[in-house]
Every structure is written in C-alpha cells, then in structure tokens.
Amino acid sequence: MDVPKEKAAPESPDENLAAGAASARSQVLAGFKAELPLAVGTIPFGLIYGALALGTGLPASAAQAMSSIVFAGSAQFISAQLLGQSTPAIVVIITAGMINLRHALYSASVAPYLQHLPSRWKYVLAYLLTDEAYAVTITHYQKESRFSGVGNKHWFFLSAGLTLWITWQASTAVGVFLGAAIPSGWSLDFTLALTFIGLLVPNLKDRAGAAAALIAGVCAVLAAGLPIKLGLVLASFVGIAAGMWVEARK
Amino acid sequence: MSIWLVILAIGAITFATRLSFILLFSRMEMGSFLQQALRFVPPAVLAAIIFPELVLREGVMDLSPGNERLLAGMLAAVVAWRTRNVLLTLGVGMAALWLLQALSARGLFP
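First to last, the protein sequences are chains V and Z.
In case it helps, my numbering puts the first sequence at residues 58 to 307.
In case it helps, my numbering puts the second sequence at residues 13 to 122.
Since the hints were derived computationally from the structure, they do not count as laboratory data.
Relax, there's no trap hidden among the hints.
Here are some of the chain V residues that sit facing chain Z, going by a computed Cβ distance under 10 Å:
hint, residue
1, A122
2, F128
3, A129
4, L162
5, F247
6, A270
7, V278
8, G282
9, L289
10, A299
Remember, it's a predicted structure, so these values are computed and weren't measured experimentally.
The C-beta atom is built at its ideal place from N, Cα and C for all residues, glycine as well.
Put together the whole structure using the sequences plus the hints.
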C-alpha cells in the first residue's frame, strides 16, 4: 500500500530554514554559522598573503586595498607575486583574470536562484561570490525542501559572504602589519604553489581534467623562457584545449 | 601603468566575472562549448602556475633530488590527494621545505 505523500507544514525550525521560508534574520544567522569554519580556515592565508605581498615590495596600502577591491585570495597571491617581479601590467591582469574565471561557473550556478532579486542585490552578492561563500550557499539553495521556493535565502548568501569578507580584511591587515617582521629565508613565496596544489589535486576527478592539468603544467615549464610570462597564458590555453580534446574522445 | 590601476583593473575583471551569469541569465543561455571550456580553466591555470614553481630553479629545469621545492611539492600533492585539506597541504609542504633546506645547508642532503 502506498503511503500518501501528503506534504505537511514544516515543523522544525531547521526544515523551515531549508525551505527558505524562514525569516531573514534566521537566514542571516544560519549563513554566519555555515560560513564560520570556512572563514576561520582562510585566516592563515590572509596572514600569509599580507606578509607575502609586502615581501614582494608592494606598498602596504596597495596590499590591503587589493583585499577589498579584488577580494579573491588566489588572484591576489599571484598578482602580488607578478607585480613584485615587475611583470607587465597586462600580463598580471590577464593572469589574475584567468585564475578567477572559475567564478563564471559559480555565477552561472547561482544565477537561477537570484533572478527574482532587484539589481542592487545581484551586484552585492556578485561581489561576495568567493569560493568559500559559494560552497555553503549553493548547498543551502540545493537542500531538499518541502517548498522549492528560494524565499529569504539571499540573506543567507549575504551573511555568508560578509562573514568571509570581514575575516579576510582583518587577517590580511594583520599579515600586512606583521609582514616586515617575517624574514625572507622562510621561503614564504612557496605557499603560493602549495595553496594551488591543495586546490588542484583534490579536484582532479577525471582523465580530461588531469590531462588539462598535466599538459598545461608541462607547457608552462617548456614555455617559461618566453618574455613577459606569456608562457603562463599560453600553457593555460593549451591545457584547456587538451582537456576538451580528451573529453570529446570519450 | 601604476600598481593602483592594475589593482583596479583586476578588481573590475573579478567583479565582472562573478556578476556575468547572474546578470545575463535571464537573457541568454551559456553555450555548451563555453561551459565545457570553463570546466578546464581551473586545472589548467593552477597547474601552469604550480609546475614551473616546482621544477625551475632560476629559470633552469632541475629534476634532481637536490631540488627541495620539487620534493616538498610532491609530498604536498600526496597530502592534498589523501586529505583534500588545503591547510594541511600547506603545513606539510612548508615543513618539508624547511627541513630539506636545513639538511642541505648542513651538507646532509641529498
């Protein structure tokens, strides 16, 4: 006998929250709670970024301003490093742009949930669309719920984004402040490669992705002699093409 | 170009990337070709940054065990693969680099 699939009104506050029917206030609280562990995890990176940026010769004001103007950790790392090596501006901009291209994927992924919002909300939430805010927000939006509506969930997004924003500004400020005290013998520039290894390796899920990484990496080494760091951009495009080629052959 | 203009340009591009589909969604569908290409951007760009950092020393390829960054980076990759934890990857990688540097400064390695 079939159990009737009557949809009862949600009873627990959690269910309400998942459904997006909860008040803006409880969404804000839930967003903060969800983001907090991820925000704490970014503190060491903020410290290291601040110290590294100063170490490359960037003025403290510029290093800190980058945290609020760009607000994207890995792009800030590479930009500070390239600026420190007096790389031509256009190469720094293209490289940072490519590092941040993954945000276009996030943008496409959250877009359906934000369509009912006024433009000013879209602009603010786009500014706050970091890896960490995206991770908790998309999970919240996709949570199974008795109502499929998005309700007040944009308040969750806003709160998660702001939690990370405040943490990032504070931790990079401390890093900038302490930066001068950190000796260059510590090889802090190596943290860039290590951070990127931590982001890359766990996300190599299939052959096509691995091919894109391997080919791009080898090309980057072979093309490293090219002027103005063009090898980086060139290797990225070759790697993307390699990934698409392997994918198409499946 | 001054550093400030570069920072503003990077900020504008980052913001435009994040805003792109949120703003355009109602007007267009993302082409499947572009969607596919975007999927390979992170692994390609990250690897293109990582490999030279590990393999090149002052612009020359060094695949010998005397290359501390290569060894530390490979260890970090194993940690990243097993734990999926960026902070742990960073910690183990830096510790390995410092250890190898200290050993080689004392002539104990390689």
